[in-house]
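**Student:** Using the sequences provided together with the hints, build the complete structure.
Protein chains: 2
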Amino acid sequence: MKIEIINTGSELLLGSTLNTHGAWLGQELLGLGLRVQRLVTVPDGDPIREALKQSITDSDVVIVTGGLGPTSDDVTREATAEALGVDLIEDEHAVRCIQAFFDRLGREMSDSNLKQALHPVGADVLPNPNGTAPGVYVPPRLGDSSCAIFLLPGPPHEMHAMYHAEVAPRLKALTDLPEDYGVTNIKFSGIGESSFQDALDAKLHKFPELEVGYCARPGELDLRLIGERGVRSQAAELAMNTYPKQYINEDGLSLEETVVSELGKHGKKLALAESCTGGRVSSRITDVSGSSAVFTHGYITYADEAKVEMLGVSQASLVAHGAVSEEVAREMAKGALENSKADIAVSVTGIAGPAGGSDEKPVGTYWLAIAVRDGDAVRTSAEKKCSPHGREIFKLVAGQAILMKILRQLKPV
Amino acid sequence: MKIEIINTGSELLLGSTLNTHGAWLGQELLGLGLRVQRLVTVPDGDPIREALKQSITDSDVVIVTGGLGPTSDDVTREATAEALGVDLIEDEHAVRCIQAFFDRLGREMSDSNLKQALHPVGADVLPNPNGTAPGVYVPPRLGDSSCAIFLLPGPPHEMHAMYHAEVAPRLKALTDLPEDYGVTNIKFSGIGESSFQDALDAKLHKFPELEVGYCARPGELDLRLIGERGVRSQAAELAMNTYPKQYINEDGLSLEETVVSELGKHGKKLALAESCTGGRVSSRITDVSGSSAVFTHGYITYADEAKVEMLGVSQASLVAHGAVSEEVAREMAKGALENSKADIAVSVTGIAGPAGGSDEKPVGTYWLAIAVRDGDAVRTSAEKKCSPHGREIFKLVAGQAILMKILRQLKPV
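Heads up: the sequence lines are chains A and B, in that order.
When we follow our numbering, the leftmost residue of the first sequence carries the number 1, and every step to the right adds one.
When we follow our numbering, the leftmost residue of the second sequence carries the number 1, and every step to the right adds one.
Hints may be right or wrong, so weigh each one.
Identical copies look the same in the list; a pair holds intra-copy or inter-copy alike.
Said to hold, decoys possible - Here are the simulated SDA-like cross-link-like pairs (lysine to any residue), alpha carbons at most 25 Å apart as the crow flies: (1) Lys269 - Glu82; (2) Lys268 - Gly353; (3) Lys2 - Glu50; (4) Lys265 - Gly353; (5) Lys269 - Ala355; (6) Lys341 - Gly312; (7) Lys361 - Asp287; (8) Lys269 - Thr17; (9) Lys268 - Glu305.
Simulated from the structure, these hints should not be mistaken for laboratory data.
**Tutor:** This is the structure:
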């Protein structure tokens, strides 16, 4: 099935807004086993006419986002009727949808909004509970076209909700895929990309009916499995058993969401002592709603004095081994655990760069340590890692390593 | 001048990679007074052939990104020669560029890389100091076409550098714009979008030759001025004088980069006490290379006990006024200043949500305070704000407010 996407919106071409619709729809369609063959972005107004005519000729399905608003620049509806050679009529169902939206807001509907109720004759109205613009579905073989057309609103939260409620079920019906066909995304961290791919390719080729994809991000590798549910589960289990220590989740949550959830399940409190990551890990943890139940103290000890004053790191260790050392990492974690009275404390100290490296400790070197209670004693362990690919990636990758350390403490394998 | 962009890359349509090239190029071209009339994204391989043929017919300039690699999927060069009706030849200059790149890395060049030296006869080689793929410039009126064509590599850092060095000067030569025509972006924070736009529209209409644009982001408003240098300077000064307290910069730096730079210029050290922002502000400060010279201590006091233990906030204030209060914010800032011995300390305490709000203190409420030394004494001031648009935007907006507080302390108006 040939699918094209048309995104309308001058802001997408002026660079003031990043086009996220293409990637979002690409991922959703992939979950239905469908691929986008072309994506065209055009400014508001007339350029949609030309783009639509061409896409309808070339494809089986066209999904258009944007241009459904009430202003004169919003011409997606008109362009569609024109391309199909059918009339536009004011649709009563659409009028009611728009009226209902204004009623919920307690606001008066303006006359210009009635334009949004215009629909090509024979098309379905797609309700929009989150905005004023109803969507449009043109089934195949309407007017001059054999192409199925979806017109969706531009604002992301409106478009996403309408896709799930109205578009995905219709696309499923247009394809012959089994009901339980779909996509599973499994996240891992801490493996080299090529060895990961080689190892899994070797094992997963025994599922020829499964489509396998890989996606590498800094500090994370995603395995994408597309197929029927049964074979996806088998393959997912095989992948997890291949890399149990590196396994994060397959439920779509972020690593930090999984960590916060596991801390909650185990009733454990967390403290963080960050030097080179400068608060990034604490910030990721506190991005998760409800994190205040499990995260209490964060120590950002960017300067040596801060390590001494806030965490009780010894001057002797700093002098003998330097701030980026196993000893200092362990003392930081221990100090954070004791000062905060948390159950688990993790520390990180390293050289984010671009300055500050040496032959012995090149830019990108970091030590991370974990401290946990063991009866009345505190047990620490530490490891050394390196990520020499710039400050931004350093913080991301070190953050992943820290969060994985916490996850494996809570869910050992 | 009609300009089209073609982005090739299957990952852009599968949703695994966000297409940032369109927005980036759109913004750069706007700075030359040029607008993109269409952007087409196609998968790797053959689809580029069709897309290129059509864009060359419809436009004066076509910019293609991607598909210049050494594999069989990389067919942008072949497709261009085909569309122009000219031959591909191995270009000696291109071979030397590729060889030089491998020499710098100390690696052996493989035979497949020689494919990257193929060029349409009559086209210019665009050197790529950051990668193996040289770019291509096809001047207008080569072969069957009257269109100027740029072929650029896909990796963003390679593409950006080549655009600045090779593409922008050639585009300038193709247009009739004066030498000092360009764009100025001015950043502000802490103003409502519509009053900002109304106030500046009223003042800037006295520069009819200037093109004015606005872009609103959470906690930041950008004013874009396009025109000749003289009129841009006058308009920029007028805008700055209209909102002097809200002015950030016009040099393209981020707010945190400006804050770190000003701290350095004034020889001041900073400490941060964050509750509801959970380390986000410290992380933004430490994103800036060289921040270790000005930022020493960050206290993430997510729990009440952490505020008491780490910052000496009084139990009495917590009980009498609650954690989200002027008193606690002031005590947090004062404690951070005294414990860290910094020159400036800023604190924030609030309700990020979605839970934890009340009638008196709804979700989104936050207090921020600043503490500075005044002889031997410590002077504090505090203010209350609200950002009720979800956790992510809350952290961003509160972060902007904190950083602006520091900036105005260093650069008062």
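**Student:** Indicate, hint by hint, whether the structure satisfies it.
**Tutor:** Against the structure, the hints:
1. When the C-alpha separation of Lys269 and Glu82 is checked against a cutoff of 25 Å, the pair qualifies neither within a copy, at 61 Å, nor between copies, at 64 Å.
2. Proximity of Lys268 to Gly353 under the C-alpha cut-off of 25 Å is restricted to the inter-copy arrangement: shortest distance 22 Å between copies versus 34 Å within a copy.
3. Taking CA atoms no more than 25 Å apart as the test, Lys2 paired with Glu50 passes in both settings, with 19 Å inside one copy and 15 Å between copies.
4. Within a single copy, Lys265 and Gly353 get their C-alpha atoms only as close as 37 Å, which misses the 25 Å cut-off; across copies the closest is 21 Å, which meets it.
5. With identical chains, the CA atoms of Lys269 and Ala355 are at most 25 Å apart between copies only, with a shortest distance of 19 Å across copies and 35 Å within one.
6. Both within a single protomer and between protomers do Lys341 and Gly312 lie at most 25 Å apart by alpha-carbon distance, with minima of 14 Å and 17 Å respectively.
7. Taking the shortest alpha-carbon separations for Lys361 and Asp287, only the inter-copy value of 20 Å comes in at or below 25 Å, while the best intra-copy value is 32 Å.
8. For the identical chains of this complex, Lys269 and Thr17 are neighbours neither inside a copy (39 Å) nor across copies (35 Å), given an alpha-carbon limit of 25 Å.
9. In this assembly of identical chains, the alpha carbons of Lys268 and Glu305 lie at most 25 Å apart only when taken from different copies (16 Å versus 29 Å within one copy).
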